[in-house]
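Based on these hints, arrange chains B, C and D with the ligands on the given structure of chain A.
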Amino acid sequence: MPFIPHTPEEAGAMLREIGVADMEALFDEIPTELRSDALERVPPGMSEMAMLRWMAERAGNGSGLLCFAGAGSYDHHIPAAVWDLAQRGEFMTAYTPYQAEASQGTLQVIFEYQSMMSELTAMEVSNASVYDGASGLGEAVLMAVRANRRARGGTVLLAESVHPHYREVVANIVGNQGVKTRTLPMRSGAVDVAALGEPNPVAAVVVQQPNFFGLLEQVDAITDWAHERGALVIALVNPMALAVLKPPGRWGSQGADIACGDGQPLGVPMASGGPSFGFLCCRRALVRQMPGRLAGRTLDLDGKAGYTLTLQAREQHIRRGKATSNICTNQGLLVTAATIHMALLGAAGLAQVALGCRNNTRNLVERLTRIRGVETRFDEPFFHECAVDLPKPAQTVLEALIEHGVLGGVALGGYFPDMANTLLVCATEKRTGADIETYARALEGVLA
Amino acid sequence: MPFIPHTPEEAGAMLREIGVADMEALFDEIPTELRSDALERVPPGMSEMAMLRWMAERAGNGSGLLCFAGAGSYDHHIPAAVWDLAQRGEFMTAYTPYQAEASQGTLQVIFEYQSMMSELTAMEVSNASVYDGASGLGEAVLMAVRANRRARGGTVLLAESVHPHYREVVANIVGNQGVKTRTLPMRSGAVDVAALGEPNPVAAVVVQQPNFFGLLEQVDAITDWAHERGALVIALVNPMALAVLKPPGRWGSQGADIACGDGQPLGVPMASGGPSFGFLCCRRALVRQMPGRLAGRTLDLDGKAGYTLTLQAREQHIRRGKATSNICTNQGLLVTAATIHMALLGAAGLAQVALGCRNNTRNLVERLTRIRGVETRFDEPFFHECAVDLPKPAQTVLEALIEHGVLGGVALGGYFPDMANTLLVCATEKRTGADIETYARALEGVLA
Amino acid sequence: MTTIFDIARTGRGARAQYPGEQTAPAQAPATRQVHAAGRDGSGTGEPGDGLAGLPEALIREAPPNLPEVSELQVVRHYTNLSALNFSIDGHFYPLGSCTMKYNPRGAHRAASLAGFQDRHPLTPDSASQGFLGCLYELQEILKDITGMQGMSLTPMAGAQGEFAGVAMIRAYHDARNDTERTEILVPGAAHGTNPATAVMCGYRVREVALDSSGDMDVEALKAAVGPHTAGLMMTNPSTCGLFERKIGEIARIVHDAGGLLYYDGANLNAILGKAKPGDMGFDVLHLNLHKTFATPHGSGGPGAGPVGANERLLPYLPVPMVGLEDGRYRWLTRDDLPGSIGRLSGFAGNAGILLRALAYSLMLGREGMRRVGSFSTLNANYLAARLRRAGFDLAYPDRRATHEFALTLSRQAKACGVSAMDFAKRLLDHGVHAPTTYFPLLIPECFLIEPTETESKDELDRFVDAMTAIGKEAEQDPDRVRGAPYSLPVRRLDEVKAARELHLTWKPGPND
Amino acid sequence: MTTIFDIARTGRGARAQYPGEQTAPAQAPATRQVHAAGRDGSGTGEPGDGLAGLPEALIREAPPNLPEVSELQVVRHYTNLSALNFSIDGHFYPLGSCTMKYNPRGAHRAASLAGFQDRHPLTPDSASQGFLGCLYELQEILKDITGMQGMSLTPMAGAQGEFAGVAMIRAYHDARNDTERTEILVPGAAHGTNPATAVMCGYRVREVALDSSGDMDVEALKAAVGPHTAGLMMTNPSTCGLFERKIGEIARIVHDAGGLLYYDGANLNAILGKAKPGDMGFDVLHLNLHKTFATPHGSGGPGAGPVGANERLLPYLPVPMVGLEDGRYRWLTRDDLPGSIGRLSGFAGNAGILLRALAYSLMLGREGMRRVGSFSTLNANYLAARLRRAGFDLAYPDRRATHEFALTLSRQAKACGVSAMDFAKRLLDHGVHAPTTYFPLLIPECFLIEPTETESKDELDRFVDAMTAIGKEAEQDPDRVRGAPYSLPVRRLDEVKAARELHLTWKPGPND
Ligand SMILES: Cc1ncc(COP(=O)(O)O)c(C=O)c1O
Ligand SMILES: Cc1ncc(COP(=O)(O)O)c(C=O)c1O
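Chains as they are written, first to last, in the working numbering: chain A, 1 to 448; chain B, 449 to 896; chain C, 897 to 1408; chain D, 1409 to 1920.
Isolated chain A, as found in the complex:
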């Protein structure tokens, strides 16, 4: 089923128009020794029916677990309207809006998205997305270094409480350009503000709010401390939490300089990890360092308002080697979904989700810690995730919980050797009291 519409007659007529005898002749510029149609590991074609059954059997495997895992991907409710709209062919099967006049739908969505993200982060500018939160943090760091390199050298400080995957991705992305990353140490799960000293000059400081353990960082103090030392502040944030948490633009006395994070909590299914999208916002002064697309409002020949991609001179297709990034394809469709999601929820709806999550996680933690040997690892305040110490290795417990239909969280031993018995748990607004009880009972069983 190769989705090709030609009849044999049409193909014949086309070959005649070209003036060749057969299909093979179309490939006569490929040296014969390079011709190969061997595709042994590609199976014979399946009908859509057979393919869907094959895929459904695989999708079914291990599905339907009650989800208490977070760590960067969250089981939120997504209103049905979000994807009913986002997956309309007009959004889903268009390309990047290079021909502005034929892409006003997408361009206006991006403009609305930029406006919403600016509001949520209290930053002046937002781009039209980067790949995901982790790679976006890498872009943010490169941006900061470009903006601040002469003053502060190519070193960047990342809080130890930043998601370990993100820290690794940042190191990989910026390392090739000679940018160094160093760690701002944590104490009891969060940046130790009391111990903030006088480091060597750095270009930027990265802090995550809520942090990897779900704890709240003292972002005002850290921001002011960094600014006093001439470093830019990069805020890695959960956009859903910003409905109730102080936005990066208001951190400290001047606000963070760049805000970024993963947009998954804004209407994107967990989907086994992706696609999600990274958002990236900044102060207006930094806009020319911004990677990725930007949509701007302008006027047409008749003076009618419309939208177009703008400041393209930052981008690879214009500036090539001098571009702010190599990014080209981004995560447009997810941005569309997130825009619709935010429009549906509004500020109050989003706050409701945030508070629902926090309530549920508190109820969960309260219930789990009533089980003998189960304790929170760090003190409050956590937001909607919490590290919990178990009397057994967390990975083993997780595997056992799966047999009860429960995804009990994320085992932290792989990231922090001293946390082999620690589980990071999360209960979103979707979890009911009954769900929490199911988890607790299962855990009691496993630990008994």
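By construction, these hints were calculated from the structure, which means they are not laboratory data. You can trust all of the hints, since none of them are fake.
Once the Cα atoms are required to be at most 30 angstroms apart in a straight line, the calculated BS3-like pairs of lysine-lysine come out as:
1) K752(B) <-> K1393(C)
2) K1403(C) <-> K752(B)
3) K1822(D) <-> K1880(D)
To spell it out: a stretch of chain C is covered by chain A in this simulated footprint if at least three of its residues, at any positions, have a beta carbon under 8 angstroms from a beta carbon of chain A; those stretches are:
4) 967 to 975
5) 996 to 1007
Because the structure is a prediction, the values reported are computed rather than measured. Ideal Cβ placement from N, Cα and C applies to all residues, glycine included.
Then chains B, C and D with the ligands, alone, in the frame of chain A:
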């Protein structure tokens, strides 16, 4: 979540514009003794999230059975594109195309549908759907009686091998108008052509192809016999089977007069029974007796082609008590889906489905009858359903098979008292050899 | 637009979906080729000639001329066709009597759950408890809303609900051997399905006039009722958008004459959570779930028209219904309900629509339902007030509007020669679907306008602006209005030609 | 069009979705009200103040100004916005280098299965065997198609695949202590991401010219390579739509100089089932699944850019990948692959896109893949032949087109003052998306045209008709062409104003 957009301020301003003090005043013409806002059995509102979970729990109950049941509803593959397109808001949330200029999408779909159904049935005219196959057969009978009443009185002959539910529905629908239905008896599961005698004059004869038991009727002989006696012939057909079976328009020497049936096999999910749609086709001479919508091609003021509902003088909104039927809302969206489905499959694809079904059912029957005590009840030729006798009560066996995840067919005892041990089985093109083996093993277990 | 057949004329030979296809298809094959193709087209992958053993005489000779096109051609064609429609999702659609309100996507999602979509209708009750439980819950909710004792969900649209209800009336009289009752009364302004249904049920129709205030003319009713009266069909609020204030008296008159009262629930949206037909004296009714319960109209269906009955008519409800016994749900059939008028559909009606309505009801809840009644009435009265202030004539200026109201444009028609239909077509150019025109028939140059509760004040204000603009245009440049629409895919269509030349199916060659 | 914020200005106060909402909402609440609302907003239904225990200083003071609108307002707004887009589903979209082919709906369905959509990315392997098996299968298929030894699926777009590949080249040289290699060579016509990637990986970029036939200038290459050469990035077929015939020699030259060969897989559609980059001597490559593998472009993403490597670069592939051991699939991480350049994303890349590509591959199968190569090439060569006959100039008239080809409109530009951009905008009025314009840069007034295999001959013929018509119009009425488009939601937009006045977010008040 009542989906109402008004702010309290707006509601206030609107009340002022109307000139009333409050909402209550808007209902001042309802006598007080009739006012009641008691809604005790209506639960308090749920969020979409809570509702979806509530519904999903119920949908999950008893789901995922391997389906070998037919009897009027078939587990066919529906290409993903069918409903992706049909459920576009532009189709799904429009009304009946009364304003033709603002409904050209729907009207053209209907025109294409009419064209396809006419092709499939080899009849000259198709309407834009009736509710379902059973009620549509009722309409067909009324149509035939109207067209033929003076000549033949109000009696109609229904073959005993017509789906028992359909026979009941027809009797209910036509009975109130004094139309009588009588039964054309069967022998060995099909109309006994040899025994066709000289009945009292009838207005119409109804024959189903393939019939309720999946057997093929001798439609040519029955058609000619009926026509010779001045009766109209109503063909109740499975539209999918028409890809390979002789279409009603070619039955006998003159062809059937009316063709109808249920459109479910054309891209409509089984969906617990509905919505599906009934199709209704006829000779051109009968078009003014046709119930329901018809779309016709015409020209606009500028001479450009377009479509509009036509012959509306047959319909209740114009002719009221003299209309050909009371039907108003029909099954438009399903017609849209069926049109897309037929366009995707084409004649060859539909034939492939038909033959796949028949092959699979033959394989199934061949395999099941290798089990001790399992036998086909009737002789070939069956199309894609087959009545199978078991050594135990069929209903009991069915219930037991469910424990094995198999929906083993339809028990016939409720319809035909002498068939308490008989199961009607069907294997569509979706059933694989492995599925058939699963069924056979389960049945072996149940019968052991 | 080009039809799919025209595309197929050149694009054919690439059928999009072939259950077993792997390689290049040929053109639309002759049937014998089709048979060959069938050889390995089954899911089993096992060979076999699908037609073997079938009598040659029963086989199709030439394949039907269906389009043979690629999947992209199909997707592009129907995507572009869809764009030619006005719809709720795209436009304000104040079609009176039709309750074109927002169709929540969550309800669509709920009904589309695989466990509902992939369920065979004859699945045994033991494997259908969840599904049956949903229907049972809906029966209960609808009974409560309407004040009825029993509810059967099986009718597949309003008109089939009417059929069921009137058949029940007949069954009731028949059971009492009261066979002289041969007439059904309907108000003159009744919806066409009412008289058509009465006739389908073998009754004669007798119309009852309205008085000048839009209520039923009680004297006329008294004159009409008698020993021949089987029943009276009416809606309340009426098709004129008015609450029938004398409903208590009307019920008494009909009942006293031995007749029964049928409630056409098409207008229930106006009184949801405010009043119940059961309290008004109605014996039997239907609901239009695709109206009041926000299930999408689907360009003409499907709908669902559950029928409810009070104590008296309970035994006659159509089957199947869902019963609850000892904590288990089960289908009730004629064995359980011997008095039933019987089955009306092949299985049990439009399950998917019922599930959507249930999902909607659950989201609204009782408080939401009351708000529906309030705000649908608020919107209609606001729009009526504003239009009146803008110089338009209400058909019943002294009455309170319900969820809808009628405008009469006869003044404009006389003054400028611009009819209600012209106004309607011109509204399309303003991006608004036209209201219902020329119904009810008794109001000259009528617009029946039903905004519904889900439209915003902004949208209503824009409608007033559009009407005002057209009103001005009608005075200054009536030809412009009469030539409308201008901005749609086609201009005004020739309906006479359509009916006279009956072009109902595609034919090869130029199609005009 | 009105923005959602403008709608919210008047329509606000009716947020569509509130997880716990039952009754009438107020206006966008101040945060303290939000807190109160949170009291029973949780799924548990249990009371609790979500903010209790959080330091006041970390709480937001004023809520963000997000739109507060109803669900219908959202649905209508975005439905109508979507209608302003050209898309594959609605239009021919022959955008060179972008492979805008049909995106099968079946693949979308497969990736949307609940078992994939609702899966948490950190689900233990034991509960993810089906999902991991899918990724493993895709790795195998892509290895076979490209002739590579290893494949990592994690890059989230072509450019990230390039980043991974070039980082692997660096890791390779570093591992051998070959640290003097500071340059990446790219052909002058290379896609912008190639040089940008090289710079992101800390390399200097050196461009290599093409000869007049469009192949790489081998002498220039010889002059450019040396001990500083880390590698050469190129596509084949090239961005000029030509198969690089001297690829064998090029590979030898670069390899002899100690450099590595990077294959940009954006143009793989042309040679699918015809030739393999691995056989051509490439060491590392990326694929654009959103191009060759028909996963929808989503108005700008998401994509997926799996990176493949031959034996030599195998150890450096990014993690995670999927391994198969003793019949069980598992994630391979840096613990398994210590030489890996490491992670590139928070989890494991764009799983949904990978699943779509797998579904597409399974439906095509090996025979279908070969047909893709054949028919994409057939369509491009046919269109080139017809345009040439219609009087247009091919940039490389003596070469065979691959899956795309370049036209140069400089003759028209000189004769009529109508540029390639003017042609592009005028094409929009013909309902066709414009080809890629002004790329590759070295071809003056360039149109890079890629029809793809899923377009019918009819569609191509219509394109020729449109081009012919615009060509005539350019001669007779060039202003008309320069003023295009006329039939779209806006006319030509002022990009200079957009860049100079930077209006990037909505602000209250008039927005112009
Ligand atoms: C007042 C009234 N009654 C009955 C009906 C018939 O309902 P349905 O179209 O669902 O058959 C309608 C529908 O338009 C109506 O408006
Ligand atoms: C030749 C070429 N290389 C690389 C890319 C970059 O791919 P992506 O947009 O997926 O990052 C593109 C995309 O346009 C391309 O055409």
